[in-house]
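A.B. asks: Sequence lines, in order, name chains A and B. Quick note on the numbering used here: the first sequence kicks off at 9 and runs consecutively. Quick note on the numbering used here: the second sequence kicks off at 9 and runs consecutively.
Because the hints were derived from the structure by calculation, they are not lab data. Predicted model only: the values in this text are computed from it and were never measured. A couple of the hints might just be wrong.
If chains are identical, the list can't say which one is meant, so a pair holds when it fits in one copy or spans any two.
[What the hints assert, rightly or not] With a straight-line Cα cutoff of 30 angstroms, these simulated DSBU-like cross-link-like pairs (lysine-lysine) come out: (1) 203 to 129; (2) 221 to 281; (3) 40 to 203; (4) 213 to 252.
2 protein chains.
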Amino acid sequence: MGTISSPHVGMKINEWNRHIQKFNVTDAEMLKAEIERDIDIMEEDQDLLIYYQLIAFRHQLMIDYVIPSEGNQMELSQYLKRIEGSNRKMEKLVEYYYYFFQGMYEFKEGNFLSAITFYQKAENTIPYISDEIERAEFYFKMAEVFYHMKQTHVSMHYSSQAYNIYKTHDLYSVRRIQCHFVIAGNYDDLESHEKALPHLEQALKGARLLESKNKRIYGQALFNIGNCYLKMSELTKAAKYMEKSILQFKKSNFNNLTQAYHDLALIYFLQRKQDQAMDCFRKGVRFACKFGDGLFKIMFEGLQALFIKKGEASILLNVFNKLETSQGYPYMEELALLAAKFYTEIGQMDDSVICFKKMVHARKQIQRGDCLYEI
Amino acid sequence: MGTISSPHVGMKINEWNRHIQKFNVTDAEMLKAEIERDIDIMEEDQDLLIYYQLIAFRHQLMIDYVIPSEGNQMELSQYLKRIEGSNRKMEKLVEYYYYFFQGMYEFKEGNFLSAITFYQKAENTIPYISDEIERAEFYFKMAEVFYHMKQTHVSMHYSSQAYNIYKTHDLYSVRRIQCHFVIAGNYDDLESHEKALPHLEQALKGARLLESKNKRIYGQALFNIGNCYLKMSELTKAAKYMEKSILQFKKSNFNNLTQAYHDLALIYFLQRKQDQAMDCFRKGVRFACKFGDGLFKIMFEGLQALFIKKGEASILLNVFNKLETSQGYPYMEELALLAAKFYTEIGQMDDSVICFKKMVHARKQIQRGDCLYEI
Numbered sequence: 009m010g011t012i013s014s015p016h017v018g019m020k021i022n023e024w025n026r027h028i029q030k031f032n033v034t035d036a037e038m039l040k041a042e043i044e045r046d047i048d049i050m051e052e053d054q055d056l057l058i059y060y061q062l063i064a065f066r067h068q069l070m071i072d073y074v075i076p077s078e079g080n081q082m083e084l085s086q087y088l089k090r091i092e093g094s095n096r097k098m099e100k101l102v103e104y105y106y107y108f109f110q111g112m113y114e115f116k117e118g119n120f121l122s123a124i125t126f127y128q129k130a131e132n133t134i135p136y137i138s139d140e141i142e143r144a145e146f147y148f149k150m151a152e153v154f155y156h157m158k159q160t161h162v163s164m165h166y167s168s169q170a171y172n173i174y175k176t177h178d179l180y181s182v183r184r185i186q187c188h189f190v191i192a193g194n195y196d197d198l199e200s201h202e203k204a205l206p207h208l209e210q211a212l213k214g215a216r217l218l219e220s221k222n223k224r225i226y227g228q229a230l231f232n233i234g235n236c237y238l239k240m241s242e243l244t245k246a247a248k249y250m251e252k253s254i255l256q257f258k259k260s261n262f263n264n265l266t267q268a269y270h271d272l273a274l275i276y277f278l279q280r281k282q283d284q285a286m287d288c289f290r291k292g293v294r295f296a297c298k299f300g301d302g303l304f305k306i307m308f309e310g311l312q313a314l315f316i317k318k319g320e321a322s323i324l325l326n327v328f329n330k331l332e333t334s335q336g337y338p339y340m341e342e343l344a345l346l347a348a349k350f351y352t353e354i355g356q357m358d359d360s361v362i363c364f365k366k367m368v369h370a371r372k373q374i375q376r377g378d379c380l381y382e383i
Numbered sequence: 009m010g011t012i013s014s015p016h017v018g019m020k021i022n023e024w025n026r027h028i029q030k031f032n033v034t035d036a037e038m039l040k041a042e043i044e045r046d047i048d049i050m051e052e053d054q055d056l057l058i059y060y061q062l063i064a065f066r067h068q069l070m071i072d073y074v075i076p077s078e079g080n081q082m083e084l085s086q087y088l089k090r091i092e093g094s095n096r097k098m099e100k101l102v103e104y105y106y107y108f109f110q111g112m113y114e115f116k117e118g119n120f121l122s123a124i125t126f127y128q129k130a131e132n133t134i135p136y137i138s139d140e141i142e143r144a145e146f147y148f149k150m151a152e153v154f155y156h157m158k159q160t161h162v163s164m165h166y167s168s169q170a171y172n173i174y175k176t177h178d179l180y181s182v183r184r185i186q187c188h189f190v191i192a193g194n195y196d197d198l199e200s201h202e203k204a205l206p207h208l209e210q211a212l213k214g215a216r217l218l219e220s221k222n223k224r225i226y227g228q229a230l231f232n233i234g235n236c237y238l239k240m241s242e243l244t245k246a247a248k249y250m251e252k253s254i255l256q257f258k259k260s261n262f263n264n265l266t267q268a269y270h271d272l273a274l275i276y277f278l279q280r281k282q283d284q285a286m287d288c289f290r291k292g293v294r295f296a297c298k299f300g301d302g303l304f305k306i307m308f309e310g311l312q313a314l315f316i317k318k319g320e321a322s323i324l325l326n327v328f329n330k331l332e333t334s335q336g337y338p339y340m341e342e343l344a345l346l347a348a349k350f351y352t353e354i355g356q357m358d359d360s361v362i363c364f365k366k367m368v369h370a371r372k373q374i375q376r377g378d379c380l381y382e383i
């Protein structure tokens, strides 16, 4: 797994390109070397590698012009013609990637506003990009980004554009499945789980064909259906798919096992199947420790407080305190609602009210946390 | 006040234009007459009138070609040259308005996905529209539309683009104020009321200068600040601004009086100023009846149940039932949270839990209601 994020390296390539344009040979050479070292330890990113190659080509042209090998002296006009005139499409691609990575970087930093501005500039170059798949990749990335920003309808708009391209290209079955995942995720955010389900089923159909090559996506497809049924309170179906997903994840020891065991334990607890629930609970805790998943360790403490210690409120309040972080709030919201319902059922209304208040608090913090910019 | 929405008329102009392109003289003439009747009773919309004029000009050209007056016979090539060649900007404007109104229409119908697609097509023609104010108008409309869709960050992006243009044009002070309103509304949705406040203060500064010409916007600016302080639980400040806004609204008997009295009654009830609260309550109910504002009539019943009948739960449940409509849910969410806190304070935990559940229910319905499309 890479330790450097690709938007970070993308920003360095943007800077490298600026040095090339100013003929700063030394700075350009230094950055080039640095970027190459980064790429070796970077998370995998096809787009970034294409961008690197585009700029490396420009770099070489610049070197040929500034430090020509014998008999290869170039005129400035020749140089400019070579980089500008010869390949208009390449020119636009450079521009596209420049804005795209600038957008990705701002997105990662939480500056959603400037991210959107840069993405829009990238999108404006799209008419010049003739490759359909390249366009689909952009739409898909936008679908993902706006999904994470919870701009649900905008994400839906991009997912359907991406999907319409991928569906005509047999080779892109993984992306097709991922499009279904994003669409379903958006429907979940719109509390329309019944509309998410058909997309998850189509994703599963596609993923089944890839079972031998891609166990993770097959497991994920099963998990997503199980999770969707859990949200719809259809516990029997939820358990069935969750069990199947665990079988897949186990085959390669994927870290998704933690969440799958957590959800399955919860389902069994809700079904009052205490033994099966305890079994999943223990396994889940073990995987949370193994993968160092701090948030799920806390979530298992939440399950413990409610279903093993019979609703011990002091433990639960302690769990809420631990979730008082920007990553923790979505988990707090979920757990608080679960606990509020749990206490209502056993008639502990005071505790129920405390949990509802925690839920309201968590949701407020989530919404506030989305706003890291000033205007 | 107009009885026909402008997007509806916009769609008719789109159809009219298609008839012109096909030389369907009779249909074009009939639609033209119908549209002109519609415009007379339509809500005010500058954009629509420009669009109408553009197409009316084409209509005349088409008539001149098909039914020439003596000695004015036109060749087809001449006709085409006249509509296509002579004015590329006009061509693009027609295209722009075509997509813009198509988008507005889909938005009104709740088809957010196709609305976004058409808006994007309209936006693609923006580079050809040289008039800066025309561009600002588009950005402002998008800011409003995405605000209503709760695509907060996207709305912020457009508001800041619109604002940056309007701020350099002294004549557009109303739009500048409206931009501040939209930005503040988005900050409210991000639970960042402290960031909304400076924008509302700037809006107020601008609105004060317009006081003699535009009482409504001045009242609205005061109201928005009061409402923001109410959300921040700063009741003394909230009351001060709310009172001032009522003074303005009264000057022209604006229907905003209903909500202003409702909010002020609530503030006084929360401050335990029973007499002042009752005075506002009565006046508010009167205005709700006068303006036939059904939703606020129900909201006043909610205040009555909580603060006059000392939390009579059966009345409150009845109020919730009446709010069980797509327009009612946002009001139900607000009232349910208010009531839940009220009951917690007086120790009626059972009733508090019921209200929290209503709040969760209302929020779910709001999110579901946003999804009127299938993908």
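A.B. asks: So, for every hint listed, does it hold in this structure?
C.D. replies: Now for the hints, and whether the structure bears them out:
For the identical chains of this complex, residue 203 and residue 129 are inter-copy neighbours only, at 27 angstroms across copies versus 33 angstroms inside a copy, given an alpha-carbon limit of 30 angstroms. In this assembly of identical chains, the alpha carbons of residue 221 and residue 281 never lie at most 30 angstroms apart, being 35 angstroms within a copy and 71 angstroms across copies at closest. Proximity of residue 40 to residue 203 under the C-alpha cut-off of 30 angstroms is found in neither arrangement, the shortest distances being 48 angstroms within a copy and 42 angstroms between copies. In the homo-oligomer, the alpha carbons of residue 213 and residue 252 lie at most 30 angstroms apart inside one protomer (14 angstroms), although the nearest pairing across protomers, at 62 angstroms, exceeds that limit.
Checked against the numbered hints given earlier, the structure breaks hints 2, 3 and satisfies all the rest.
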